[in-house]
Amino acid sequence: MKRWIGAWSLVIAMIVGWIACTSSGSDPVRVSPPQPDDVIDQELMIALAQAKNFHHKAKVYMSDGKPLDAIASVRQILSLRFPANAPEADDVRLDARALLAKYLLAQNQVDEAMRTVEEGLAQTSRQSFFVANLHTVKGEIHEARADQAVRDGEKPRADAERHAAIDAYDRSIQINKVLQERLMMERQ
Amino acid sequence: MATDDDILTGPVPGPDDEPSAAERAHARTFADLIDKTLAGRTPPAMSTDDRALIEVATVIRAASGGMELPASRQRSIVEDALRQAVGGVTSSGSLATTPITSARRRRWAPWAVAGASTLVAAAAVLAMWLRAPKPPAPADGERTPTAWRSRPSDPLVGEITRAHVDEASARIDVIFADRLEGFRQVRLHRRGGRP
Chain A
1 MKRWIGAWSL VIAMIVGWIA CTSSGSDPVR VSPPQPDDVI DQELMIALAQ
51 AKNFHHKAKV YMSDGKPLDA IASVRQILSL RFPANAPEAD DVRLDARALL
101 AKYLLAQNQV DEAMRTVEEG LAQTSRQSFF VANLHTVKGE IHEARADQAV
151 RDGEKPRADA ERHAAIDAYD RSIQINKVLQ ERLMMERQ
Chain B
189 MATDDDILTG PVPGPDDEPS AAERAHARTF ADLIDKTLAG RTPPAMSTDD
239 RALIEVATVI RAASGGMELP ASRQRSIVED ALRQAVGGVT SSGSLATTPI
289 TSARRRRWAP WAVAGASTLV AAAAVLAMWL RAPKPPAPAD GERTPTAWRS
339 RPSDPLVGEI TRAHVDEASA RIDVIFADRL EGFRQVRLHR RGGRP
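Protein chains in written order, with my numbering: chain A, 1 to 188; chain B, 189 to 383.
Simulated from the structure, these hints should not be mistaken for laboratory data.
Quick caveat, the model's predicted, so the values are computed rather than measured.
C-beta: ideal position from N, C-alpha, C; glycine also.
It is possible that part of the hints are untrue.
As the list claims (entries may be wrong) - For the chain B half of the interface with chain A, some residues (derived, Cβ under 7 Å), not all of them:
#	residue
1	Ala309
2	Arg337
3	Ser341
4	Ile348
5	Val353
6	Asp354
7	Ala356
8	Ser357
9	Ile360
10	Arg367
11	Gly370
12	Val374
Let the hints inform the model, and build the full structure from the sequences given.
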């Protein structure tokens with residue numbers, strides 16, 4: 001009997017010691033709350049930081065007269081891994097596509113610029129200012145094509161490109177208007 | 189005539205040597221002593237060497253397990269133990285019997301130690317539980333602050349005009365700074381509000 005009581009006391013002492021060690025006041029208890037998918041996490045911050053750095057690199061390359069290096073840097077943003085369903089991923093990629101298309105257009109790579117924009121618009125899951133911006137860039141590309149058609153003496157094609165440019169700008173304006181109204185409503 | 193001293197202090201005989209008459213006589217005398225001792229008739233006086241040898245013989249016999257207490261002695265011991273267990277007075281009154289008060293103390297002491305340690309443990313667990321920081325509010329979709337959530341950047345950057353199409357670098361700076369602030373708040377909250 002005495003041995004059982006001694007063992008019981010020892011077990012109690014061990015439990016108290018264990019609790020004291022795991023509940024030390026100097027080390028805050030880290031309770032992990034349920035983590036829904038939409039809470040900002042480290043993966044999102046890493047992806048955003050990388051996108052930020054690639055943008056800065058591209059800016060430096062452009063100011064250094066190296067547009068091809070700038071284009072390569074912006075392209076890398078498109079291959080960054082973001083958390084699944086993060087809205088920031090769409091925004092960052094669409095903005096990168098708009099900038100990339102502008103750089104390509106400046107390099108007279110009109111078709112590549114249009115392909116970049118079309119791919120971005122095809123992947124959109126919601127309307128945003130970034131989608132509107134991409135439509136604006138698309139309008140600029142159509143304008144560039146129209147100018148090229150004029151230089152080539154192809155007036156009908158130039159007219160068609162101008163109409164396409166107007167459509168793209170109208171689409172951009174329409175999206176911006178809807179979003180602005182929605183934001184106004186939310187702020188009220 | 190050979191004496192005990194001659195046997196004990198004399199030269200050791202060889203293993204094959206014939207026992208001498210003195211040795212035989214001494215062995216017979218010692219065997220008689222052993223028989224008397226086992227019969228409870230130990231002689232009151234004997235030589236020191238014989239007493240030492242008898243004690244050794246008694247120990248050897250007890251160790252072999254062949255020795256039993258008389259029935260009366262066995263009954264007496266058992267009855268004493270039972271009386272002591274129920275708090276009664278022992279009949280023998282020998283010094284080996286534990287006094288009742290100290291026996292009670294011996295019974296209560298382990299339980300008191302176990303009970304006290306259990307109470308201390310319960311108090312410690314209660315104190316730890318009360319002192320533990322409250323877990324943060326569940327970050328479900330409805331209760332999570334907007335700044336903590338991954339969300340569209342439209343309210344942050346606003347409309348992008350044609351003049352600002354190529355200012356993506358400035359926009360990503362704004363988005364990153366805003367999300368970093370939210371990320372820090374989430375981390376801070378998970379640490380119980382302590383930096």
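Does Arg337 (chain B) pass the interface check with chain A, least Cβ-Cβ distance below 7 Å?
Arg337 (chain B) check passes; min Cβ-Cβ to chain A is 5 Å, inside 7 Å.
Could you check if Val353 (chain B) really has its C-beta closer than 7 Å to a C-beta on chain A?
6 Å, holds
Quick one, is the Asp354 (chain B) hint okay against chain A at 7 Å, beta carbons?
5 Å, holds
Using Cβ atoms only, decide whether Ala309 (chain B) comes closer than 7 Å to chain A, and label the hint accordingly.
The hint holds - Ala309 (chain B) has a Cβ within 7 Å of chain A, the shortest such distance being about 5 Å.
For the restraint on Ala356 (chain B), tell me whether the closest CB of chain A is nearer than 7 Å.
Since the shortest Cβ distance to chain A is 4 Å, the answer is holds.
Against chain A, run the beta carbon of Ile348 (chain B) and see if the smallest gap drops under 7 Å.
4 Å, holds
Would the hint on Ile360 (chain B) stand, with a C-beta cut-off of 7 Å toward chain A?
5 Å, holds
Minimum Cβ distance from Ser341 (chain B) to chain A below 7 Å?
4 Å, holds
Have a go at the Val374 (chain B) hint: is there a Cβ in chain A nearer than 7 Å to its own Cβ?
6 Å, holds
Status of the hint placing Gly370 (chain B) at chain A (closest C-beta pair under 7 Å)
Constraint on Gly370 (chain B) satisfied, holds at 5 Å.
Once the shortest beta carbon distance from Arg367 (chain B) to chain A is found, is it less than 7 Å?
Holds - the Cβ of Arg367 (chain B) comes within 7 Å of chain A, reaching about 5 Å at its closest.
Going by Cβ atoms only, is Ser357 (chain B) closer than 7 Å to chain A?
It holds, given that the least Cβ distance between Ser357 (chain B) and chain A is near 4 Å, below 7 Å.
Checked against the numbered hints listed earlier, the structure breaks none of them; every hint is satisfied.
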